[in-house]
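Chemist: Could you build all of it, start to finish, from the sequences and the hints given here?
Numbering-wise (this note's numbering), the sequence shown opens with residue 327 and increments by one.
Please keep in mind that the hints were generated in silico from the structure rather than gathered at the bench. Each residue gets a CB set at the ideal place from its N, CA and C atoms; glycine is no exception. One should not assume that every hint holds.
Now the in silico label distances, taken between C-beta atoms and shown as ranges [said to hold, decoys possible]:
1) Glu-373 - Thr-423: 26 to 34 Å
2) Ala-403 - Thr-382: 16 to 24 Å
3) Glu-401 - Asn-426: 36 to 44 Å
4) Gly-407 - Met-444: 13 to 21 Å
5) Ala-448 - Met-415: 14 to 22 Å
6) Gln-441 - Pro-372: 29 to 37 Å
7) Met-430 - Ile-402: 28 to 36 Å
8) Gly-369 - Val-447: 33 to 41 Å
9) Gly-369 - Asp-437: 31 to 39 Å
10) Asn-426 - Gly-400: 34 to 42 Å
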Amino acid sequence: MSDAKKIIIDEDWKSQVAAEKEAAKHPGAGAEGVGDEMSAHDGELPEASFELLISTFVTEAMVALGQFPHPGTGEIAADPGHAKFAIDMIGVIADKTKGNLNPMEEQGLQDLLHQLRMTYVAATQGVK
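Modeler: This is how it looks when you write it as structure tokens:
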């Protein structure tokens, strides 16, 4: 028998990040595209949620790690300091919400932090 801990990965943030990555590939996804999108939706914003807050920092970290193109410029450029800041912010949120999340949210947040930290280490050491 294996004593390996089963890792449960929250797939919601992955699908949202993948959708954002796909949207960034389309022409007009630059600064003009963002404004056009907002006017097309009459200023409607997504419902505020814990998941959206976390996914905002995840996307910021992944862009700063060079994993996704920058939404404004379309360029892929690594900024390890910015990536570390975004990952650390998720860590602060995890610390401050400890005891206020359900077990699934808690485990998902910890798994997410682990994955981001490993991606950061790999990116800063030149390993893919």
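Chemist: Taking the hints in turn, state whether each one holds.
Modeler: Hints and how they fare:
1. Glu-373 - Thr-423: 26 to 34 Å: 19 Å, violated
2. Ala-403 - Thr-382: 16 to 24 Å: For Thr-382 against Ala-403, whose Cβ atoms are near 19 Å apart, the range 16 to 24 Å holds.
3. Glu-401 - Asn-426: 36 to 44 Å: 38 Å, holds
4. Gly-407 - Met-444: 13 to 21 Å: 18 Å, holds
5. Ala-448 - Met-415: 14 to 22 Å: Given range 14 to 22 Å: holds, Cβ gap about 20 Å.
6. Gln-441 - Pro-372: 29 to 37 Å: Violated - the Cβ-Cβ distance for Gln-441 and Pro-372, about 23 Å, lies outside 29 to 37 Å.
7. Met-430 - Ile-402: 28 to 36 Å: 33 Å, holds
8. Gly-369 - Val-447: 33 to 41 Å: This hint holds: roughly 40 Å between Cβ atoms.
9. Gly-369 - Asp-437: 31 to 39 Å: Holds: the Cβ-Cβ distance is about 35 Å, inside 31 to 39 Å.
10. Asn-426 - Gly-400: 34 to 42 Å: The hint (34 to 42 Å, Cβ to Cβ) holds, given that Asn-426 and Gly-400 are roughly 38 Å apart.
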